[in-house]
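Per this note's numbering, numbering of the sequence shown is gapless, rising by one per residue and ending at 184.
Just so you know, not all the hints are guaranteed correct.
Label-pair ranges, simulated between beta-carbon atoms [unchecked claim]: (1) G72 with D50: 15 to 25 Å; (2) H124 with T170: 30 to 40 Å; (3) D105 with R155: 28 to 38 Å; (4) D121 with S53: 24 to 34 Å; (5) T43 with D68: 35 to 45 Å; (6) A173 with V138: 33 to 43 Å; (7) S55 with R169: 30 to 40 Å; (8) R51 with G143: 14 to 24 Å; (9) G99 with T176: 15 to 25 Å.
Calculated cross-link-like contacts (lysine-lysine; reagent style DSBU-like; alpha-carbon spacing at most 30 Å) [to be verified]: (10) K75 with K65; (11) K65 with K123; (12) K140 with K65.
In case anyone wonders, no lab produced these hints; they're calculated from the structure.
Even glycine gets a Cβ: it sits at the ideal position worked out from N, Cα and C.
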Amino acid sequence: MCSAGLVIAFALVGCSGGGSDAGGGQSTFDQPPPSSGRLATPTSQPFRGDRFSLSVPGKPELSTKTIDTAVGKVKLHNAYVNVSSTVGLGVGYADYPRGSGFDFDFAVAAAAQQAGGRAADIKHITYRGVAGRDFRIVGKLNGFALFERIMFVGRRIYTFSAAIKNGGRTPPAIYTSMLNSFRF
Numbered sequence: 001m002c003s004a005g006l007v008i009a010f011a012l013v014g015c016s017g018g019g020s021d022a023g024g025g026q027s028t029f030d031q032p033p034p035s036s037g038r039l040a041t042p043t044s045q046p047f048r049g050d051r052f053s054l055s056v057p058g059k060p061e062l063s064t065k066t067i068d069t070a071v072g073k074v075k076l077h078n079a080y081v082n083v084s085s086t087v088g089l090g091v092g093y094a095d096y097p098r099g100s101g102f103d104f105d106f107a108v109a110a111a112a113q114q115a116g117g118r119a120a121d122i123k124h125i126t127y128r129g130v131a132g133r134d135f136r137i138v139g140k141l142n143g144f145a146l147f148e149r150i151m152f153v154g155r156r157i158y159t160f161s162a163a164i165k166n167g168g169r170t171p172p173a174i175y176t177s178m179l180n181s182f183r184f
């Protein structure tokens, strides 16, 4: 699985609230070394999920997993695309039980911890009238730069991820394009 898929899974696991150990563990980043320093920008195509859509470069691989959290059993849905051997993109979502709360600060910190790093450059965002957080995950990530967005819409948490081998402090345009194409 691409690192972006792992980060999505860990971010959703970490967003369970209440400090419960919802599973996961240390992630492993085992992508092969980059074949070149340049990323060809593939053509994005529409992807329609359950009550959302966005554009991604390629056909996403889908997975679903049910985990125990502080708010009960939650089903995680992940879609990720290996854009190249150096770039992975993903989106994930989970529906929270009625009456459960959501804490962005906890979600950001837990996502970073589950990925084996810490959150940096945290920005409060509003996208299409909905609050969210953009952040990077930094630490010993085997040469990957990780970028995340977390949004809470109704009872649903969405996470968006980019894993970039030898990446810098700025997310790539392909990730920003995916974020800007998101409709719910």
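The hints, checked one at a time:
Roughly 19 Å separates the CB atoms of G72 and D50, a value that falls within the hinted 15 to 25 Å. As the Cβ distance of H124 to T170 is approximately 18 Å, the hint placing it in 30 to 40 Å is violated. Roughly 19 Å separates the CB atoms of D105 and R155, a value that falls outside the hinted 28 to 38 Å. In this structure the hint that D121 and S53 lie 24 to 34 Å apart at CB holds, the actual value being about 28 Å.
Look at T43 against D68: about 40 Å separates their beta carbons, and that is inside 35 to 45 Å. Under the hint 33 to 43 Å, the C-beta atoms of A173 and V138, about 21 Å apart, miss the expected range. Checked against the given bound of 30 to 40 Å, the beta carbons of S55 and R169, roughly 24 Å apart, lie outside it. Our hint of 14 to 24 Å for R51 and G143 is violated, since their Cβ atoms are close to 36 Å apart.
The given range of 15 to 25 Å is broken by G99 and T176, whose C-beta atoms sit roughly 35 Å from each other. At most 30 Å may separate the alpha-carbon atoms for a hinted pair to count; K75 and K65 meet this at roughly 6 Å. A threshold of 30 Å between alpha carbons decides the hint, and for K65 with K123 the separation of about 29 Å falls inside it, so the pair holds. The hinted pair formed by K140 and K65 meets the criterion: a straight-line CA distance of about 26 Å does not exceed 30 Å.
Checked against the numbered hints given earlier, the structure breaks hints 2, 3, 6, 7, 8, 9 and satisfies all the rest.
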